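Q: I would like the entire structure built from these sequences, with the hints used as guidance.
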Amino acid sequence: MNFQDIIHNLQVYWKKQGCLVVQPYDLEKGAGTFNPFTFFGSLTKKPTSVCYVEPCRRPADGRYGENPNRLGKYYQFQVILKPSPANIQQLYLNSLKAIGLDPEIHDVRWIEDDWQSPTLGASGVGWEIWLDGMEITQFTYFQIMAGYNLKPITVEITYGLERLAMYSQKKDTIFDIMWNDTTTYGEMVMESERQFSHYNFEEANIANLRRYVEENEEECRALCKKGLYLPAYDCAMRVSHYFNTLEARGAISVSDRTNIIAKIRHLAKLCAGEYIKQAEEKEAVK
Amino acid sequence: MNALLQIGTEHLPARFLRPALQQLEENAVNILAENRLKYSALETYGTYKKLVLEIKDLAPVSEDISKEVKGPPAKLLKDANGNFTPQAAGFAAKNGIKPEQLIVKETEKGPFIYADIKIKGIKTDKLLAVIFPQLIKSLNFAKNMVWEDSGFRFARPIRSIIALYGTKVIKFEIAGVKSSNKAYGLSSFKQTPIIIKSPEAYKDALRNQIRPILVDLDERRKALLRSIEGCTKALGFQADLDEDLINETVNFTEHPIALAGDMALSFMQLPKKLLTTVLKTQIKMFPVVNNKGELQPHFIAVRDGVSVNQEEVKTGFKNVMTARLTDAVFFFENDLKLGLDKMREKLKNINFIDGMGTMEDKTKRISALTSALAKELHFNQTDTENAKQAAAYAYADLASSVVYEFTDLQGYMGAVYAQKEGRAPDICTALEEFYLPLSANSELPKTAVGSLVSLAGKLDTLAANFKVGQVPSGSQDPFALRRQAMGAVRIILANNWPLSINNSVELASKNLPESQNNCLKELPEFLWQRLQNILEEKQIPEDIISAVKNFDKPLNTVLLNANILKEELKSPTLQAVAEAAKRVVNILKQAPQNLPPLNTALLKEEGEIALNKAVDNLPKAEDFSKELKNLASLKQTLEDFFAKIMVNVKEAEIKNNRLALLKKVKAVLLNSAALENLKKRG
Numbered sequence: 001m002n003f004q005d006i007i008h009n010l011q012v013y014w015k016k017q018g019c020l021v022v023q024p025y026d027l028e029k030g031a032g033t034f035n036p037f038t039f040f041g042s043l044t045k046k047p048t049s050v051c052y053v054e055p056c057r058r059p060a061d062g063r064y065g066e067n068p069n070r071l072g073k074y075y076q077f078q079v080i081l082k083p084s085p086a087n088i089q090q091l092y093l094n095s096l097k098a099i100g101l102d103p104e105i106h107d108v109r110w111i112e113d114d115w116q117s118p119t120l121g122a123s124g125v126g127w128e129i130w131l132d133g134m135e136i137t138q139f140t141y142f143q144i145m146a147g148y149n150l151k152p153i154t155v156e157i158t159y160g161l162e163r164l165a166m167y168s169q170k171k172d173t174i175f176d177i178m179w180n181d182t183t184t185y186g187e188m189v190m191e192s193e194r195q196f197s198h199y200n201f202e203e204a205n206i207a208n209l210r211r212y213v214e215e216n217e218e219e220c221r222a223l224c225k226k227g228l229y230l231p232a233y234d235c236a237m238r239v240s241h242y243f244n245t246l247e248a249r250g251a252i253s254v255s256d257r258t259n260i261i262a263k264i265r266h267l268a269k270l271c272a273g274e275y276i277k278q279a280e281e282k283e284a285v286k
Numbered sequence: 001m002n003a004l005l006q007i008g009t010e011h012l013p014a015r016f017l018r019p020a021l022q023q024l025e026e027n028a029v030n031i032l033a034e035n036r037l038k039y040s041a042l043e044t045y046g047t048y049k050k051l052v053l054e055i056k057d058l059a060p061v062s063e064d065i066s067k068e069v070k071g072p073p074a075k076l077l078k079d080a081n082g083n084f085t086p087q088a089a090g091f092a093a094k095n096g097i098k099p100e101q102l103i104v105k106e107t108e109k110g111p112f113i114y115a116d117i118k119i120k121g122i123k124t125d126k127l128l129a130v131i132f133p134q135l136i137k138s139l140n141f142a143k144n145m146v147w148e149d150s151g152f153r154f155a156r157p158i159r160s161i162i163a164l165y166g167t168k169v170i171k172f173e174i175a176g177v178k179s180s181n182k183a184y185g186l187s188s189f190k191q192t193p194i195i196i197k198s199p200e201a202y203k204d205a206l207r208n209q210i211r212p213i214l215v216d217l218d219e220r221r222k223a224l225l226r227s228i229e230g231c232t233k234a235l236g237f238q239a240d241l242d243e244d245l246i247n248e249t250v251n252f253t254e255h256p257i258a259l260a261g262d263m264a265l266s267f268m269q270l271p272k273k274l275l276t277t278v279l280k281t282q283i284k285m286f287p288v289v290n291n292k293g294e295l296q297p298h299f300i301a302v303r304d305g306v307s308v309n310q311e312e313v314k315t316g317f318k319n320v321m322t323a324r325l326t327d328a329v330f331f332f333e334n335d336l337k338l339g340l341d342k343m344r345e346k347l348k349n350i351n352f353i354d355g356m357g358t359m360e361d362k363t364k365r366i367s368a369l370t371s372a373l374a375k376e377l378h379f380n381q382t383d384t385e386n387a388k389q390a391a392a393y394a395y396a397d398l399a400s401s402v403v404y405e406f407t408d409l410q411g412y413m414g415a416v417y418a419q420k421e422g423r424a425p426d427i428c429t430a431l432e433e434f435y436l437p438l439s440a441n442s443e444l445p446k447t448a449v450g451s452l453v454s455l456a457g458k459l460d461t462l463a464a465n466f467k468v469g470q471v472p473s474g475s476q477d478p479f480a481l482r483r484q485a486m487g488a489v490r491i492i493l494a495n496n497w498p499l500s501i502n503n504s505v506e507l508a509s510k511n512l513p514e515s516q517n518n519c520l521k522e523l524p525e526f527l528w529q530r531l532q533n534i535l536e537e538k539q540i541p542e543d544i545i546s547a548v549k550n551f552d553k554p555l556n557t558v559l560l561n562a563n564i565l566k567e568e569l570k571s572p573t574l575q576a577v578a579e580a581a582k583r584v585v586n587i588l589k590q591a592p593q594n595l596p597p598l599n600t601a602l603l604k605e606e607g608e609i610a611l612n613k614a615v616d617n618l619p620k621a622e623d624f625s626k627e628l629k630n631l632a633s634l635k636q637t638l639e640d641f642f643a644k645i646m647v648n649v650k651e652a653e654i655k656n657n658r659l660a661l662l663k664k665v666k667a668v669l670l671n672s673a674a675l676e677n678l679k680k681r682g
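Top to bottom, those sequences are chains G and X.
Residue 1 is where the first sequence starts when you use our numbering, and the numbers rise one by one after that.
Residue 1 is where the second sequence starts when you use our numbering, and the numbers rise one by one after that.
Rather than coming from a laboratory, the hints here were simulated on the basis of the structure.
The structure presented is a predicted model; accordingly, all values stated were derived computationally and were not measured.
Even glycine gets a Cβ: it sits at the ideal position worked out from N, Cα and C.
No false leads were slipped in.
Sample of chain X residues at the chain G side, in silico, Cβ under 7 Å:
id: 1; residue: His11
id: 2; residue: Pro13
id: 3; residue: Asp149
id: 4; residue: Val308
id: 5; residue: Gly316
List of simulated lysine to aspartate or glutamate pairs, EDC-like, C-alpha gap at most 16 Å:
id: 6; chain 1: X; residue 1: Lys143; chain 2: G; residue 2: Asp114
id: 7; chain 1: X; residue 1: Lys679; chain 2: X; residue 2: Glu579
id: 8; chain 1: G; residue 1: Lys170; chain 2: X; residue 2: Glu311
id: 9; chain 1: G; residue 1: Lys170; chain 2: X; residue 2: Glu312
id: 10; chain 1: G; residue 1: Lys46; chain 2: X; residue 2: Glu148
id: 11; chain 1: X; residue 1: Lys284; chain 2: G; residue 2: Glu135
id: 12; chain 1: G; residue 1: Lys45; chain 2: X; residue 2: Asp149
id: 13; chain 1: G; residue 1: Lys151; chain 2: X; residue 2: Asp149
id: 14; chain 1: X; residue 1: Lys143; chain 2: G; residue 2: Glu112
id: 15; chain 1: X; residue 1: Lys314; chain 2: G; residue 2: Glu104
id: 16; chain 1: X; residue 1: Lys318; chain 2: G; residue 2: Glu135
id: 17; chain 1: G; residue 1: Lys151; chain 2: X; residue 2: Glu148
id: 18; chain 1: X; residue 1: Lys284; chain 2: G; residue 2: Glu128
id: 19; chain 1: X; residue 1: Lys190; chain 2: G; residue 2: Asp102
id: 20; chain 1: X; residue 1: Lys521; chain 2: X; residue 2: Glu506
id: 21; chain 1: X; residue 1: Lys318; chain 2: G; residue 2: Asp172
id: 22; chain 1: X; residue 1: Lys190; chain 2: G; residue 2: Glu104
id: 23; chain 1: G; residue 1: Lys46; chain 2: X; residue 2: Asp149
id: 24; chain 1: G; residue 1: Lys45; chain 2: X; residue 2: Glu148
id: 25; chain 1: X; residue 1: Lys284; chain 2: G; residue 2: Glu112
A: Written as structure tokens, this is what we have:
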């Protein structure tokens with residue numbers, strides 16, 4: 001199945017399950033969990049079910065397009081459901097059928113893997129799912145987001161789209177994946193992988209990046225004070241991305257690392273706190 | 001009638017299964033006893049999706065209680081006005097009856113109030129509706145989660161519950177799940193319910209599905225081994241049946257089915273342990289070996305409950321394996337290119353423990369310690385050189401990519417790289433043996449050179465940790481220092497090296513940096529406790545261990561002395577001398593601090609003259625056994641002394657002189673062992 005059809009079929013499948021099909025959020029992020037639908041969506045009582053493709057940037061993982069299994073930018077497909085339905089595992093298995101992978105004739109394993117994100121102050125319990133030995137999905141019941149214990153519980157399903165496509169198309173390298181019948185994944189991304197690897201590892205201006213981190217941190221705090229948690233959260237996401245770039249650039253010491261992660265976690269908590277406060281006020285007015 | 005509880009969950013982590021089943025069994029035994037429910041047998045079994053408790057011949061009603069409880073004296077039953085006293089009312093309430101039901105009975109000590117308690121048994125089905133939820137709540141896991149609104153905590157979501165007493169469903173609800181008689185099949189298939197008619201039908205009902213589920217762990221284990229054997233027989237080889245991997249596989253399958261696949265020949269160049277570690281730990285596959293134990297280019301993977309579409313699945317497994325092994329080859333080749341010398345240089349970037357420098361510093365310390373120990377133990381020049389070389393590279397592989405990815409391969413990989421670089425076989429072996437023993441009773445280094453370097457590494461780790469105040473206490477031993485100390489003691493004993501505890505600690509602490517929280521003085525006692533464990537295992541009584549306790553004698557001598565003392569104490573004569581030694585020690589406790597020296601001219605009585613003479617004339621003893629025999633020979637003289645001589649006489653001069661004599665006697669008696677610590681033997 002072509003890469004674009006896997007995405008399409010997952011969207012169609014989850015739309016049928018009642019999910020809102022939304023578009024990717026337009027900022028750099030290291031993982032789909034940063035998407036505001038996931039981050040804010042998990043924090044309050046309001047039920048939610050959404051799905052979306054999310055491009056993720058991991059500056060340090062880029063390999064100039066030379067390693068068949070590594071990318072600096074790749075795509076996740078996320079499903080966010082709250083509350084978590086009792087038949088969620090079955091719903092997931094059916095979604096594999098929708099992309100041509102019948103769990104009844106493959107080996108599907110649920111291997112213990114409890115997810116956590118120190119930058120978001122978030123953690124959850126769940127599995128990585130293996131299809132014939134290959135890890136294709138991360139399945140998590142969120143327990144904590146931005147330091148807040150969650151109720152009700154959100155379930156997050158994150159499909160590794162490139163892995164699924166490689167398996168489905170029996171390709172040995174990411175770059176050979178067929179995006180459609182005529183265009184390969186490599187043709188689509190190779191130049192970007194090459195250029196961004198140069199940028200992230202060699203050219204990114206360290207002094208500027210440090211300044212961006214400081215400016216965005218400052219702005220995030222100021223915006224939170226004014227109750228503007230959405231633009232504030234954008235700033236927090238930017239801090240996180242600039243931090244990742246600094247790390248790829250080799251400009252982060254061990255103690256730096258701990259400090260900046262704590263800083264981002266604090267910003268995420270400020271945004272989450274403001275959002276919860278306003279949501280409760282709205283609830284009270286009703 | 002039989003009873004059955006099945007907690008149906010989403011996929012429990014494999015490691016949680018056995019502890020959960022054990023708890024389920026223990027807690028069931030306790031809760032059933034508390035509820036006075038009799039049964040003939042009880043067992044637990046299950047899979048990662050089913051925790052099952054089966055109770056055989058569970059009585060239909062709990063047992064009646066009929067007993068009399070004695071209360072306060074009868075005069076406290078009622079007051080002058082004929083009302084029950086607070087004491088009587090309280091006693092009745094405590095026993096769950098009304099004051100009117102209290103009775104008075106005569107006893108040997110006069111009349112007392114009694115509560116005559118009779119409680120009727122309760123019907124089992126009613127009790128189970130309480131007991132089953134209580135049992136589910138009683139299970140503890142290493143980690144819990146919440147998944148639904150009631151906030152119930154469990155390792156993974158509970159999705160179904162079977163609760164049966166005979167054919168009857170015991171009704172209750174927990175975490176939003178209502179109990180029923182429905183089981184569910186393999187997780188990758190459509191979840192249609194399987195009706196369980198009765199507890200005894202449960203196992204068969206699941207086994208007789210089109211896609212069988214084996215709920216019994218032993219049955220599953222046998223099926224796994226059978227299935228693996230089927231694969232290996234066809235190949236003409238055997239599987240490397242790692243016990244941990246077998247258990248793990250049994251824990252994460254409901255019906256294990258093995259399949260065999262091929263491996264590219266190029267991977268056979270990988271070091272054996274590296275290849276098997278990738279297979280076993282990263283992708284849970286069994287390596288294949290011939291009857292000499294040599295690796296073969298095949299693998300055995302295990303599927304859960306399905307055996308269709310084998311070729312495609314096999315290709316999938318093979319691709320994953322190939323990707324992982326390709327990574328391993330990449331790491332391994334990079335390491336070979338780098339070489340041990342370059343790796344060793346990188347050790348300056350790896351911290352050991354705060355305050356004790358880097359791994360490069362540690363390497364320097366153990367090199368110096370190895371030299372010092374080799375000198376102390378009179379190693380020949382070749383062995384000394386080899387030991388120094390091995391010490392210099394002992395930690396180099398910590399900077400290799402392979403050990404970074406697979407920590408368990410430390411030491412082993414160092415040896416592999418040393419071999420590839422053509423280093424002396426003794427050095428390679430020493431590197432491989434460096435981390436041995438891995439546990440309290442496991443294999444020790446076999447070569448003298450390996451033992452020496454391994455000992456140096458352990459002593460340095462111990463001394464460095466103690467010097468920065470990281471001393472294990474209670475269950476807190478994050479750096480596994482007890483294991484390190486046990487390893488050090490066992491190595492010294494096994495090689496029969498003349499090293500004492502103090503000697504070892506002194507050598508190990510020579511080159512350590514200064515530190516604020518220095519606790520090095522606690523290290524000798526810490527090492528002693530390990531030796532004590534070994535003595536206890538050899539059935540040496542506690543008091544004998546305490547009598548031979550010594551930090552300055554070689555460890556082996558202490559061990560030997562303990563056995564000799566145990567043997568010699570079979571003689572009543574030595575026992576009597578030990579008793580006399582205790583008496584001497586007790587008397588001297590009251591002696592003034594600065595006794596004048598013994599003046600033989602003041603010895604007048606025969607008893608004291610004889611004792612002094614006997615002590616002076618003790619023959620030289622060449623070993624511990626002879627020493628003890630010498631002491632035993634003093635029995636009569638000592639007993640005569642205590643029978644005839646009064647120490648605490650009025651004349652201070654005589655008294656002090658006799659005390660001085662006893663001081664001299666004490667020194668002789670306690671010279672070889674702390675006899676005063678021995679208990680009286682019956």
